[in-house]
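Asker: Each chain, letter by letter, is given below.
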Amino acid sequence: MNVAQIDFQQLRIKHILYKSKVRSMLYGGSFDEVFFSRSGPIGIWFSTIGSLRYANEFELGELAKVHRELESTTLDLYRLYKGGHIDAAHDGLKSIEKQSERFLSLLLTLEQRLKEV
Amino acid sequence: MVVLSPEYKILAATEAYLQITMRTKEQILEKHFLLEAFPDKELSYDENPVKASLDKALQSKKIEYLDVIRYDLPKPESEGGGYDVRYWEASHTPVLDEDGNVAFLIQHTSDVTERELAKLALSESEEKFRFMAEAMPQLIFTTDATGVLTYLNKRWENYTSFSLDELLQEGWQKVIHPDDLPTVAAKWEEAFQKKSNMQVELRKRDKDGIYRWHLCRTQPMEDNEGNIIMWVGSSTDIHDTRVMVQELLETNEQMALLSDQVQFAYEKAESERKVLETLFMQAPAMFCILKGPDHRFEIINEKYQQLYPGKEMLHKPLAEAVPEIVEQGFIELLDGVYNTGKAYIAEEVPIMLDKNNNGKLEEAFFTFSYHPIFESNEVSGILAFGYEVTEQVRFRKKLQELGRV
Chain W
1 MNVAQIDFQQ
11 LRIKHILYKS
21 KVRSMLYGGS
31 FDEVFFSRSG
41 PIGIWFSTIG
51 SLRYANEFEL
61 GELAKVHREL
71 ESTTLDLYRL
81 YKGGHIDAAH
91 DGLKSIEKQS
101 ERFLSLLLTL
111 EQRLKEV
Chain U
1 MVVLSPEYKI
11 LAATEAYLQI
21 TMRTKEQILE
31 KHFLLEAFPD
41 KELSYDENPV
51 KASLDKALQS
61 KKIEYLDVIR
71 YDLPKPESEG
81 GGYDVRYWEA
91 SHTPVLDEDG
101 NVAFLIQHTS
111 DVTERELAKL
121 ALSESEEKFR
131 FMAEAMPQLI
141 FTTDATGVLT
151 YLNKRWENYT
161 SFSLDELLQE
171 GWQKVIHPDD
181 LPTVAAKWEE
191 AFQKKSNMQV
201 ELRKRDKDGI
211 YRWHLCRTQP
221 MEDNEGNIIM
231 WVGSSTDIHD
241 TRVMVQELLE
251 TNEQMALLSD
261 QVQFAYEKAE
271 SERKVLETLF
281 MQAPAMFCIL
291 KGPDHRFEII
301 NEKYQQLYPG
311 KEMLHKPLAE
321 AVPEIVEQGF
331 IELLDGVYNT
341 GKAYIAEEVP
351 IMLDKNNNGK
361 LEEAFFTFSY
371 HPIFESNEVS
381 GILAFGYEVT
391 EQVRFRKKLQ
401 ELGRV
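So the sequences go chain by chain: W and U. The first sequence runs 1 to 117 under the working numbering. The second sequence runs 1 to 405 under the working numbering.
Think of the hints as simulated: they come from the structure by calculation, not from any bench. A virtual CB, placed ideally from N, CA and C, is assigned to each residue, including glycine. Do not rely on the hints blindly, as some may be mistaken.
Okay, the calculated bits of chain U under chain W, using three or more residues with CB under 8 Å as the criterion [stated by the list, open to error]: (1) 195-203; (2) 208-221; (3) 231-243; (4) 258-271.
Here are the simulated DSS-like pairs of lysine-lysine, each with C-alpha atoms no more than 27 Å apart in a straight line [unchecked claim]: (5) LYS303/U - LYS291/U; (6) LYS187/U - LYS115/W; (7) LYS174/U - LYS82/W; (8) LYS82/W - LYS187/U; (9) LYS291/U - LYS311/U.
Chain W on its own, in the form it takes in the complex (with noise of 0.2 Å):
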């Protein structure tokens, strides 16, 4: 194992719990505002790990950016689904799932281009 595979594996590990996290908030949950901020464990990934390693990887700042479409997507199910409008924020969660494959494919194009090196 070496410190690039732990830190993937962070960040793969780190984005499926903000979706199970989005999820959650729609079935009862609370919304974790610091969790969904940029002081929550993706965003200090980004302004640690990755800008601190993987600055110059084309991925990064896609990744980044379909990160950023997750927190909008997020925030909207939000206000859908404590304005009443339940079935459409139970709905919206296929937005979210669709930016995540994006997210996820992203990680692993990353994660494979930097072990062949």
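On the provided structure of chain W, position chain U as indicated by the hints.
Answerer: Okay, now just chain U, sitting in the frame of chain W:
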């Protein structure tokens, strides 16, 4: 309107009557009303409710009203024959003579086919709604325009411990978790005022007294003018989904925690490894690590490399990198350590080395040790440590020689 004799023979009929019944005067006058003119195609004469009503009017000498009846009219052959579906509302009025006997009976008939067909269609569509509502996997309810419960499907009875009548009379509030009631009431009030859809999550007590989470949706139904005529609601049990989502979150939180610990442990191990590596590489003695059964050089420190200046040894098996030591028995020693897992320590051993890489062997003395390296309880390599003692050995020998002199 048709006028009958006490024997139920047709005496007279209005034009309208003839038109509706699609008969001519000649066809029905003087005919027996029920036996000849309009016989029932399904019921016998004695079973015919019209006869019963006429009999009653005749006896009581009072006006008799008939329930709405279906009496299909035979169509003339010229129109293809068969029957025309008709619903009738009729009354029989006895008209008395001077002696108080029934002189004749007037049947007043209104064709209410259209009204009755509409009624039937409505009840059919209600039946369909009920069937659908009963087939739904949700708890279904309706209220009237004012919000009063009018219908609950059977599932309510199966889910709660109350009968439908109890729920209809006392309201569904009794199955809702007390903590959820204020929110639900507020949301319902808001939806009711705004005439809008409502979705709310709430806990409902089941048969076993367990509050399970439901997603409740209500929707107003409007007529053509936009007036609300009823509210339809459904309640979906989302308890298992909620529990699963929560469990999944907890699992993933644990996983993230574990992965943080792995990262921390890795970083700690890595920094310790770097310290050791620095020590190892810059130590004032010779170190090397030989991996695998063929003793391949994995790490060589500076001091060790100085034994063989300029020689490429890394990743090569010892026998290949330094062939001159093979016949000096060192491979056997290494094999022994590798196979037994026991360290080997030797002092002041003479070794013939091709120090200048020119094929000329020179004698040098070393104190060295071989230590097995274990991975998962198996030897994976050997750490070799040593320092040259050629000078000391030579001086001592010289001293010994001098002492002898």
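Asker: Does each hint hold? Answer for all of them.
Answerer: How the hints compare with the structure:
| no. | hint | in the structure |
| --- | --- | --- |
| 1 | 195-203 | holds (count 4) |
| 2 | 208-221 | holds (count 3) |
| 3 | 231-243 | holds (count 3) |
| 4 | 258-271 | holds (count 6) |
| 5 | LYS303/U - LYS291/U | holds (19 Å) |
| 6 | LYS187/U - LYS115/W | violated (55 Å) |
| 7 | LYS174/U - LYS82/W | holds (25 Å) |
| 8 | LYS82/W - LYS187/U | holds (12 Å) |
| 9 | LYS291/U - LYS311/U | holds (19 Å) |
Comparing the model with each numbered hint stated earlier shows that hint 6 is the single one that does not hold.
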